[in-house]
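Chemist: Now for the letters of each chain:
2 protein chains.
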Amino acid sequence: MLTLYDFMGSGNGYKVRLTLSHLGLAYKLVERDIMKGETRTPEFLAMNPNGRIPTLQLADGTHLAESNAITWYLAEGTPLAPQSRLARAQTLQWMFFEQYSHEPYIAVARFWRHFFTRLTPQQEMELPGRMEKGYAALGVMEQHLAHHLFFVDERFGLADIALYAYTHCAGEGGFNLDNFPQVNAWLARVAAQPGHVTIEHKD
Amino acid sequence: MLTLYDFMGSGNGYKVRLTLSHLGLAYKLVERDIMKGETRTPEFLAMNPNGRIPTLQLADGTHLAESNAITWYLAEGTPLAPQSRLARAQTLQWMFFEQYSHEPYIAVARFWRHFFTRLTPQQEMELPGRMEKGYAALGVMEQHLAHHLFFVDERFGLADIALYAYTHCAGEGGFNLDNFPQVNAWLARVAAQPGHVTIEHKD
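Here the protein sequences line up with chains L and A, keeping their order.
At position 144 of the first sequence (counting the first as 1) the number is 144 in our numbering, and the numbers step up by one without a gap.
At position 29 of the second sequence (counting the first as 1) the number is 29 in our numbering, and the numbers step up by one without a gap.
Isolated chain L (complex conformation):
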């Protein structure tokens, strides 16, 4: 049995939950509240020394960390996985884009604005730059989606799951998606896939 250590509000965790749902895999969900430091306990750090959710425990007790590495593991050999060498590289390209050029801006702005009642002075100072870079990431997505139904090979897959997680709730970070019609149409296509679940869904 797979055990997923997760925090329901996390888009990174949602990538894994969405992948598990699409693949129809049963798992035990163990919630860890990142707001209360529950991923920094000695017990948690023994599973993942980097102290982050999601962390997946395999049936043999092995622990995997990093949302996009976990979904890659789960999807290998399934239709969610890219089918060619080039498609694998393009899928990873979008997954690394997500973690480096998208998540630190869109997810972090959402985290600050959605989970706290007030920003710190440092957050206030950093926010405009984060918003600007978040909009830049949305612009890169909009440009790609003007010519493609999904991110890789015109079929729903891991790159879409990785980018959907924090794009679909970008509004909670103060992002206005009105000027991104291609992104909005793609969000609707992803949400219409059989097996889709929402970020708050629990089995």
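Derived from the structure by calculation, the hints contain no laboratory data.
Note that the structure is a prediction, hence the values are computed from the model and not measured.
Heads up, a few of these hints could be off.
Have a look at the derived ranges for each label pair, beta carbon to beta carbon [to be verified]: (1) R118/A to A59/L: 23 to 31 Å; (2) G195/L to D178/A: 47 to 55 Å; (3) P194/A to F115/L: 46 to 54 Å; (4) L29/A to H147/L: 25 to 33 Å; (5) K28/A to G77/L: 48 to 56 Å; (6) F116/L to N179/A: 30 to 38 Å; (7) M131/L to D33/A: 43 to 51 Å; (8) E31/A to K28/L: 50 to 58 Å; (9) P42/A to L177/L: 41 to 49 Å; (10) H147/A to A188/L: 44 to 52 Å; (11) N176/L to M35/A: 42 to 50 Å; (12) G174/A to M131/L: 26 to 34 Å.
Below 25 Å or equal to it, Euclidean Cα-Cα: the simulated DSS-like pairs (lysine-lysine) are [as the list claims (entries may be wrong)]: (13) K133/A to K133/L; (14) K202/L to K28/L; (15) K133/A to K36/L; (16) K202/A to K28/A; (17) K36/A to K133/L.
Ideal Cβ positions, reconstructed from N, Cα and C, are used throughout, including at glycine.
Guided by the hints, dock chain A onto chain L, whose structure is given.
Modeler: Relative to the frame of chain L, chain A by itself:
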């Protein structure tokens, strides 16, 4: 023929150059100076809409971006690539760790301190937090390397290349590695691999 668009000082670019060297692959190097905005020109953005080096052009004209996606593409089917499903996931885990928990702190601190003569007030304010998180990433590496020769499967591979790139020049970002003996021993093991080249090496 492969064409690599790159900036020699970049650790992200170095990952690709190091992989190409280990694999003995010939390529044409085209330098683009990120300090002069040469990755934000219309010509460059047509290749990579995210405007970053390294960008690899394949023989058929296809462009690949994101250093760790490029090295994954190049290494598939070679001894540098992980051999099992679990090893692939663990390799990706360390590559995503590198891009999310290591590069934004160690590489960015190095970029500010090594390539500019003076920090901006905002950089001065952000630097202590970046240093703290950079040391945390080094701590995670030190802990793992206390029990392992290399990051995955006790053999040199893509995860080592990804993490070597900015760890070996962390000193240029002001990081002191004296308290990380396992990291230092691993750096020496990586540099001793046949096919190793330095960050400034050009074929």
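Chemist: All hints are to be evaluated individually against the structure, with a verdict given for each.
Modeler: Against the structure, the hints:
no.	hint	verdict
1	R118/A to A59/L: 23 to 31 Å	violated (55 Å)
2	G195/L to D178/A: 47 to 55 Å	holds (51 Å)
3	P194/A to F115/L: 46 to 54 Å	holds (50 Å)
4	L29/A to H147/L: 25 to 33 Å	holds (30 Å)
5	K28/A to G77/L: 48 to 56 Å	violated (36 Å)
6	F116/L to N179/A: 30 to 38 Å	holds (34 Å)
7	M131/L to D33/A: 43 to 51 Å	violated (28 Å)
8	E31/A to K28/L: 50 to 58 Å	holds (51 Å)
9	P42/A to L177/L: 41 to 49 Å	violated (26 Å)
10	H147/A to A188/L: 44 to 52 Å	holds (47 Å)
11	N176/L to M35/A: 42 to 50 Å	violated (33 Å)
12	G174/A to M131/L: 26 to 34 Å	holds (29 Å)
13	K133/A to K133/L	holds (21 Å)
14	K202/L to K28/L	holds (10 Å)
15	K133/A to K36/L	holds (20 Å)
16	K202/A to K28/A	holds (10 Å)
17	K36/A to K133/L	holds (20 Å)
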